[in-house]
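2 protein chains.
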Amino acid sequence: MEHVFSIDPVRFLSDLHHLRSFGATGTGVVRPAFSEIDVASREWLASRMEAAGLTPHMDPAGNLFGLAEGPSLLIGSHSDTQPEGGWLDGALGVIMGLEIARAAREAGGPAISCVSFQDEEGRYGALTGSDIWAGKTTLAEADSLRSIDGETFAEGRKAVAHMAGEFVDPGQFTGFVECHIEQGPVLDTAKEAVGVVTSIVGARQVQVTVRGQQNHAGTTPMALRKDAFQGVVRIATMLNDRLRNLVTPQTVWTIGHVRVSPNASSIVPGEAVFTIQWRDGDNDRLERMEKVITSILVEVASGTGLKIEAERLRHDILPKPMDSAIHDALAKAAGQVAPGKWRSMPSGALHDASNVSHLMPVGMLFVPSIRGISHSFDEDTAEDDLATGLMVLARAAAELAPKG
Amino acid sequence: MEHVFSIDPVRFLSDLHHLRSFGATGTGVVRPAFSEIDVASREWLASRMEAAGLTPHMDPAGNLFGLAEGPSLLIGSHSDTQPEGGWLDGALGVIMGLEIARAAREAGGPAISCVSFQDEEGRYGALTGSDIWAGKTTLAEADSLRSIDGETFAEGRKAVAHMAGEFVDPGQFTGFVECHIEQGPVLDTAKEAVGVVTSIVGARQVQVTVRGQQNHAGTTPMALRKDAFQGVVRIATMLNDRLRNLVTPQTVWTIGHVRVSPNASSIVPGEAVFTIQWRDGDNDRLERMEKVITSILVEVASGTGLKIEAERLRHDILPKPMDSAIHDALAKAAGQVAPGKWRSMPSGALHDASNVSHLMPVGMLFVPSIRGISHSFDEDTAEDDLATGLMVLARAAAELAPKG
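These protein sequence lines are chains A and B, in that order.
If you're matching positions, the first sequence starts at 133 in the working numbering and goes up one per residue.
If you're matching positions, the second sequence starts at 133 in the working numbering and goes up one per residue.
Be careful, since some hints might not be right.
Identical chains share a label here; the pair holds if one copy fits it or two copies do between them.
Stated by the list, open to error - In the DSSO-like style, the derived pairs of lysine-lysine whose C-alpha atoms are separated by at most 27 Å in a straight line are:
1) LYS323 <-> LYS473
2) LYS268 <-> LYS439
3) LYS439 <-> LYS323
4) LYS473 <-> LYS358
5) LYS535 <-> LYS464
6) LYS358 <-> LYS323
7) LYS439 <-> LYS358
8) LYS290 <-> LYS473
9) LYS473 <-> LYS423
10) LYS423 <-> LYS323
11) LYS323 <-> LYS464
12) LYS423 <-> LYS439
13) LYS423 <-> LYS290
14) LYS535 <-> LYS439
Everything labelled a hint here was simulated from the structure, so no lab data went into it.
This structure is a prediction, so every number in the text was calculated from the model and none was measured.
Only chain A is shown next, with the shape it has when bound in the complex (with noise of 0.2 Å):
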């Protein structure tokens, strides 16, 4: 039998509203890591912890969190944004830690605290306080990271020492949930309500630099030129059809940056550089697609005698599985509440939860996107869709909670 407990969506849309005060720019929010409003934010969040009885805390790189007695399941997600970021990224699924930990702790149990992370959107890094409490990153790497106007994470963590204590201990949560938008157009275009992640997409990433002879594009015959642009069409034409048979409808490849050289209307291309990025929730298929794609630089290469050298950019992001007791549970609730209106997805982009599921099982819930937009002023959810994502959140919350 579930521990049973109810949650006031208009008290979850007044918090969330008021967290979206803070920095509110136009429909946007301008909150980012450490910034003076973004201090003010986790004053208040902290405080609306503490009216709901939770014990609030700052860890060293920022993480706050309202933590319930003895062992809890922990839900939320981060409050910081983007330098020009929509008012839900994030903020919603810490709101929605908040209002599920507080009506579990009205209703008497079952043990649930939340949590606003620190820096996911990168101002220094790159999802920076989960990373440091995963122990990806120590706090002494994190703190020479550097924003893009020159201010270490060391100085920026300054405007918390009043408030920072010590790092948690993640052994005392059972699992982690976070609920986010989808950032992506899926459930919008399908009109439905709730997705229930099944695994975080890891992603590669190779910088592809293309060498040809850069000549006169009046005086050079076709059949005497070296154009490193032609290279980068052919390599982008031969994945578009070789890719085709390795993937399924989740996986994506995309060529996001261009530079060509000189870039001139009157002067064949001598060089080129790109890179290609490609996303999957399974490893092996993957390290398939990286095949294929080295084999398409040699062939283009031998081909047109054409030097081309590809560069890896950074690591690999692994492919996350999410938890499947937590998958499992979030999917019965979406069942529940949002009935034909529910699907099980992969998260196209990174998360928290990805760094937290070296401490615990994790799961996440995914709401619409409206058009898919985020990162943008403009990014938005239907307040209904926002209303389910908790309730569903909330339903799996008190089946997967210690009950005390």
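Mind docking chain B on chain A? Use the hints.
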């Protein structure tokens, strides 16, 4: 019977190297129009013309003529350079004109004048000096052209006010012949010494804007994307496929400029802007190619849902066929001086001869560019090929020039 005169290859090379010394920078030359060094070089050129018994005359646009008496054949090119130019681009044709006019004068005929046009390389406009002389641009219009450092043509030409007189009456010239380095790889690749130009090719250019939907590269499934760069790839591939059936080995088309927006590896491109430029000696073919390009843009737009717009970036350049009598005289001389080592070919680049064709019959001669390199400090031509070009041009001039 031809009027015979003796050119002096040693004196020619000596003058060519002296002109190189004005603005010499490593193996290259920096001698932009109306710079101090350009003015000094034109003063020296005028003194060499005078020493040869020609009448130096600079017009208000900075074009410097060395005039024979009465009706004459005009030979020359330009002596201004690119910001980082080679030593032969233009200078070769100017000193060939000087040497041939001088040698003819020494022999008592025929009547040959020489010229160095101004601002061919486009510090202010493009082919500005011959543009003004040909009446395509008025001096008043040219005066408002502005260089990249903000100086107007009017301000620039003050530097030669002490030398400048009236415009020269083009009616005194029976034709114009320009020798130029090829600036392409055709002659060098074929190990040939001379190219006789059949036409200066025409060119058309469009700037294409592809608008899709900017999206997160992790969260947007392939099937829901409107990727502007993928539109560019598809257009470029179709261009290659469909233009092949329409063109000659001399036809060229180039995508030289590409700008992807926002140009980040994790973002599906929302917009891409690129240029398509195509050149051919036959205006009908240019027109048929444009119809193919337009139909591809329409087809890709309707097949992908991308919004595609094309805009003409500048006026068309019409192909300019060379005068057949001048072509034939050059071809005959080439066959005598360099049997089996010459060809008829189009000029893929624009030259002053294109403008001068509005005033009188014109012809052009090419010598090889080593590895096709031009507009670069590395530009060069073997000394033997320079001498061969001089001999061919002198023979043709002897046949073409008025016999007095």
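Here is what the structure says about each hint:
1. Proximity of LYS323 to LYS473 under the C-alpha cut-off of 27 Å is restricted to the intra-copy arrangement: shortest distance 7 Å within a copy versus 72 Å between copies.
2. In this homomeric assembly, LYS268 and LYS439 never come within 27 Å of each other (Cα to Cα): the closest approach is 37 Å inside a single copy and 44 Å across copies.
3. For the homomeric pair LYS439 and LYS323, the shortest alpha-carbon distance between copies (26 Å) is at most 27 Å, but the shortest distance inside one copy (47 Å) is not.
4. Proximity of LYS473 to LYS358 under the C-alpha cut-off of 27 Å is restricted to the inter-copy arrangement: shortest distance 26 Å between copies versus 53 Å within a copy.
5. Within a single copy, LYS535 and LYS464 get their C-alpha atoms as close as 19 Å, which meets the 27 Å cut-off; across copies the closest is 103 Å, which misses it.
6. Taking the closest pair of Cα atoms, LYS358 and LYS323 come within 27 Å of each other only across two copies (20 Å); inside a single copy the shortest separation is 49 Å, beyond that limit.
7. Only within a single protomer do LYS439 and LYS358 lie at most 27 Å apart by alpha-carbon distance; the minimum there is 10 Å, versus 30 Å between protomers.
8. For the homomeric pair LYS290 and LYS473, neither the shortest alpha-carbon distance inside one copy (45 Å) nor that between copies (77 Å) is at most 27 Å.
9. For a Cα distance limit of 27 Å, the shortest separation of LYS473 from LYS423 qualifies neither inside one copy, at 38 Å, nor across copies, at 49 Å.
10. Taking the shortest Cα distances, LYS423 and LYS323 never come within 27 Å of each other, neither inside one copy (37 Å) nor across copies (42 Å).
11. In this homomeric assembly, LYS323 and LYS464 come within 27 Å of each other (Cα to Cα) only inside a single copy, at 19 Å, whereas the closest approach across copies is 78 Å.
12. In the homo-oligomer, the alpha carbons of LYS423 and LYS439 lie at most 27 Å apart inside one protomer (19 Å), although the nearest pairing across protomers, at 34 Å, exceeds that limit.
13. Within a single copy, LYS423 and LYS290 get their C-alpha atoms no closer than 46 Å, and across copies no closer than 64 Å, so neither meets the 27 Å cut-off.
14. Proximity of LYS535 to LYS439 under the C-alpha cut-off of 27 Å is found in neither arrangement, the shortest distances being 63 Å within a copy and 57 Å between copies.
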